[in-house]
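Q: Given chain A's structure and the hints, the job is docking chain B onto it.
There are 2 protein chains.
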Amino acid sequence: MIKIIVDCFGGDHCPEAPVEGALASLAKNPDLSVILTGDESILRKCLEGKTYDASRLEIVDAPEVIGCDEKPTDVVRLKRNSSMMKGIIMLRDRDDIAAMVSTGSTGALVTGALVRLGRIPGVIRPAFCPLLPTMDGGIVGVCDSGANVEVTSAHLRQFAIMASLYLENVYGVKSPRVALLNVGKEAEKGDDMRRDAYRLLSETPSVNFVGNMESRDLLSGRYDVVVADGFSGNVLVKTTEGTALELLKKLKKDIFSRWIYKLGALLMSRMFKDMKAFMNYQNYGGSVLLGTSKVVVKGHGSSKAVAVEKCIEQAYRMEVSRLSGQIETEIGKYEHYEE
Amino acid sequence: MIKIIVDCFGGDHCPEAPVEGALASLAKNPDLSVILTGDESILRKCLEGKTYDASRLEIVDAPEVIGCDEKPTDVVRLKRNSSMMKGIIMLRDRDDIAAMVSTGSTGALVTGALVRLGRIPGVIRPAFCPLLPTMDGGIVGVCDSGANVEVTSAHLRQFAIMASLYLENVYGVKSPRVALLNVGKEAEKGDDMRRDAYRLLSETPSVNFVGNMESRDLLSGRYDVVVADGFSGNVLVKTTEGTALELLKKLKKDIFSRWIYKLGALLMSRMFKDMKAFMNYQNYGGSVLLGTSKVVVKGHGSSKAVAVEKCIEQAYRMEVSRLSGQIETEIGKYEHYEE
Numbered sequence: 000m001i002k003i004i005v006d007c008f009g010g011d012h013c014p015e016a017p018v019e020g021a022l023a024s025l026a027k028n029p030d031l032s033v034i035l036t037g038d039e040s041i042l043r044k045c046l047e048g049k050t051y052d053a054s055r056l057e058i059v060d061a062p063e064v065i066g067c068d069e070k071p072t073d074v075v076r077l078k079r080n081s082s083m084m085k086g087i088i089m090l091r092d093r094d095d096i097a098a099m100v101s102t103g104s105t106g107a108l109v110t111g112a113l114v115r116l117g118r119i120p121g122v123i124r125p126a127f128c129p130l131l132p133t134m135d136g137g138i139v140g141v142c143d144s145g146a147n148v149e150v151t152s153a154h155l156r157q158f159a160i161m162a163s164l165y166l167e168n169v170y171g172v173k174s175p176r177v178a179l180l181n182v183g184k185e186a187e188k189g190d191d192m193r194r195d196a197y198r199l200l201s202e203t204p205s206v207n208f209v210g211n212m213e214s215r216d217l218l219s220g221r222y223d224v225v226v227a228d229g230f231s232g233n234v235l236v237k238t239t240e241g242t243a244l245e246l247l248k249k250l251k252k253d254i255f256s257r258w259i260y261k262l263g264a265l266l267m268s269r270m271f272k273d274m275k276a277f278m279n280y281q282n283y284g285g286s287v288l289l290g291t292s293k294v295v296v297k298g299h300g301s302s303k304a305v306a307v308e309k310c311i312e313q314a315y316r317m318e319v320s321r322l323s324g325q326i327e328t329e330i331g332k333y334e335h336y337e338e
Numbered sequence: 000m001i002k003i004i005v006d007c008f009g010g011d012h013c014p015e016a017p018v019e020g021a022l023a024s025l026a027k028n029p030d031l032s033v034i035l036t037g038d039e040s041i042l043r044k045c046l047e048g049k050t051y052d053a054s055r056l057e058i059v060d061a062p063e064v065i066g067c068d069e070k071p072t073d074v075v076r077l078k079r080n081s082s083m084m085k086g087i088i089m090l091r092d093r094d095d096i097a098a099m100v101s102t103g104s105t106g107a108l109v110t111g112a113l114v115r116l117g118r119i120p121g122v123i124r125p126a127f128c129p130l131l132p133t134m135d136g137g138i139v140g141v142c143d144s145g146a147n148v149e150v151t152s153a154h155l156r157q158f159a160i161m162a163s164l165y166l167e168n169v170y171g172v173k174s175p176r177v178a179l180l181n182v183g184k185e186a187e188k189g190d191d192m193r194r195d196a197y198r199l200l201s202e203t204p205s206v207n208f209v210g211n212m213e214s215r216d217l218l219s220g221r222y223d224v225v226v227a228d229g230f231s232g233n234v235l236v237k238t239t240e241g242t243a244l245e246l247l248k249k250l251k252k253d254i255f256s257r258w259i260y261k262l263g264a265l266l267m268s269r270m271f272k273d274m275k276a277f278m279n280y281q282n283y284g285g286s287v288l289l290g291t292s293k294v295v296v297k298g299h300g301s302s303k304a305v306a307v308e309k310c311i312e313q314a315y316r317m318e319v320s321r322l323s324g325q326i327e328t329e330i331g332k333y334e335h336y337e338e
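Keeping their order, the protein sequence lines are chains A and B. Reading the first sequence from the start, the letters are residues 0 to 338 in numbering that gives the first Met the number 0. Reading the second sequence from the start, the letters are residues 0 to 338 in numbering that gives the first Met the number 0.
Isolated chain A (complex conformation) (with noise of 0.2 Å):
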């Protein structure tokens, strides 16, 4: 049995999306368990006359709302009955329980995973590494989106390494084509920290680097992973998403500014309804923390319960695929550097 905790105060649509998001998973994962983090009787309340196996779900009451504008280290310090914080707390605590799943606050979640669950022992820092979709039918991973905005060559070369096992074990891509974020294809682009990054990418057994990528290369399938300092990785996954959007509303609205287009889109209904869903990260999970001690996956704010399920398929499929020994085998065979 798996038992994966559920945040289910924070994201835009809780808690009725991390609940039915957690059932669905119930419903298709026979040893999978959950426990439900937030408000009980807010809770009991939404799981009304819904229909679940109830000898794996548990509710854990944790009535403290965590306000927009709190600075996480606030968070992680005064809000420890929080959905999120308490769910961290118990993560760490409690031996049965193998990942959490959040739609919280960001800066949150990794503060209270660096202070609260700790990292794999080698690991200088966790990084998030949210997948897209390229144009191929693949997926890419941009590891870090956000959790470092600094960082050295030596954090670069560990999410290096950690992403590439997240994806073969994870996703079953075979030597992941990793690529180093910069401004130019040549090794001497960029400045000295991602020249020295790309040296020691090159000298990673462990990693099958193929050379720096230029921004624009994102979505072309021919790389699995890029590495990247959390800064411009964040960069590099918002401005994706965000042009993909604004470019599907500008579609919409360009076809409904005539009859004519109207017709034609209706000839291509079906088209444009498998390329929304194609441009939708709700449907490609969250963004996994890698290298905590446990396994944490941090979905949108704006997840449906579609979106949050996905995220605890990503979680159970990180813990059946043991990532995080993998994670600690790798690294070591490395020099440690100091933080």
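None of these hints come from the bench; they were simulated from the model. Do not take every clue at face value.
Because identical chains cannot be distinguished in the list, a pair is counted as satisfied if it fits within a single copy or across any two copies.
Unchecked claim - Straight-line alpha carbon distances no greater than 27 Å define the calculated DSS-like cross-link-like pairs of lysine-lysine that follow:
no.	residue 1	residue 2
1	272	27
2	261	248
3	248	303
4	249	184
5	332	27
6	248	272
7	248	184
8	44	272
9	188	78
10	251	261
11	248	275
A: The following block gives chain B in isolation, referenced to the frame of chain A:
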């Protein structure tokens, strides 16, 4: 008469695209004259049979060729007879020349401009400011997009001042809304440099600072200028271009997968054509280098004649609006930081 140098060797469509772009500009602007740099015999052949006002066109022989893999510093030092370096040196030495347009190597152009041309008094670092189309039909400038991979908050303040003046004077945007590229909206987001830049920008009356911008909002139309370090600014611009291009490619491929889609697309052909034009960076001119003592505009390496023409038009308008003098005045109002 405004005289502009057009570097005719360096881009993918050389020398035809620069030559044709220059001739088109000449035809449109009676007070423009151009100097074409490059291999004179090839340029003469390229001009054969074409109609233009020969009194406003000069050819300067510069037959040396810059290789793809040459280091920018080597180009500046050793290739003084290349079309680009000869152009930069002439721009520096001749008072009658106002500007230069090039579609050649970005690195060589930046280095050449810095070393040979110099900066507007008070400017610490020149920076690129390409323009992107926003979804409400406007434009947004990103400064810097790659000239400086490492920056300080003082640089970012200058980028904000220069880009604001550029948008206001050359494109008529009144009191441009300036944002700082960051990983979140709150003032305390990002690293120390970003937090310091936030504070500095808030305290700069010459800049209409509206706060941090997350990269997903670039095309929203809510910002006129986005300031960023050259690394993440480069990621921002290239990811936007890359995502738009990949999605257009996918749209085309999907349309051709079924006859009913092809029929639908036929009804929408005008719309798709407009959309393609809207997303085509060739229609938005080049990336101007702000802060050099004379105007330098960098066109995309893949520029066709129409894109080169746009670049010449930008250089022309920058000169007419006396942007350099305004930058000097405005930058001079703030304490001078050491580089």
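Q: Now, for every hint given, state plainly whether the structure supports it.
A: So, going through the hints one by one against the coordinates:
When the C-alpha separation of residue 272 and residue 27 is checked against a cutoff of 27 Å, the pair qualifies only within one copy, where the shortest distance is 25 Å, while the shortest distance between copies is 45 Å. Taking the closest pair of Cα atoms, residue 261 and residue 248 come within 27 Å of each other both inside a single copy (15 Å) and across two copies (22 Å). In the homo-oligomer, the alpha carbons of residue 248 and residue 303 lie at most 27 Å apart inside one protomer (20 Å), although the nearest pairing across protomers, at 29 Å, exceeds that limit. Taking identical chains as interchangeable, the C-alpha atoms of residue 249 and residue 184 lie at most 27 Å apart only when they sit on different chains, with a minimum of 24 Å there against 32 Å within one chain.
In this assembly of identical chains, the alpha carbons of residue 332 and residue 27 never lie at most 27 Å apart, being 38 Å within a copy and 66 Å across copies at closest. Taking the shortest Cα distances, residue 248 and residue 272 sit within 27 Å of each other both inside one copy (13 Å) and across copies (17 Å). Only between protomers do residue 248 and residue 184 lie at most 27 Å apart by alpha-carbon distance; the minimum there is 23 Å, versus 33 Å within a single protomer. With identical chains, the CA atoms of residue 44 and residue 272 are never at most 27 Å apart, being 34 Å at best within one copy and 52 Å at best between copies.
In this homomeric assembly, residue 188 and residue 78 come within 27 Å of each other (Cα to Cα) only across copies, at 21 Å, whereas the closest approach inside a single copy is 44 Å. In this homomeric assembly, residue 251 and residue 261 come within 27 Å of each other (Cα to Cα) both inside a single copy, at 9 Å, and across copies, at 18 Å. Taking CA atoms no more than 27 Å apart as the test, residue 248 paired with residue 275 passes in both settings, with 10 Å inside one copy and 15 Å between copies.
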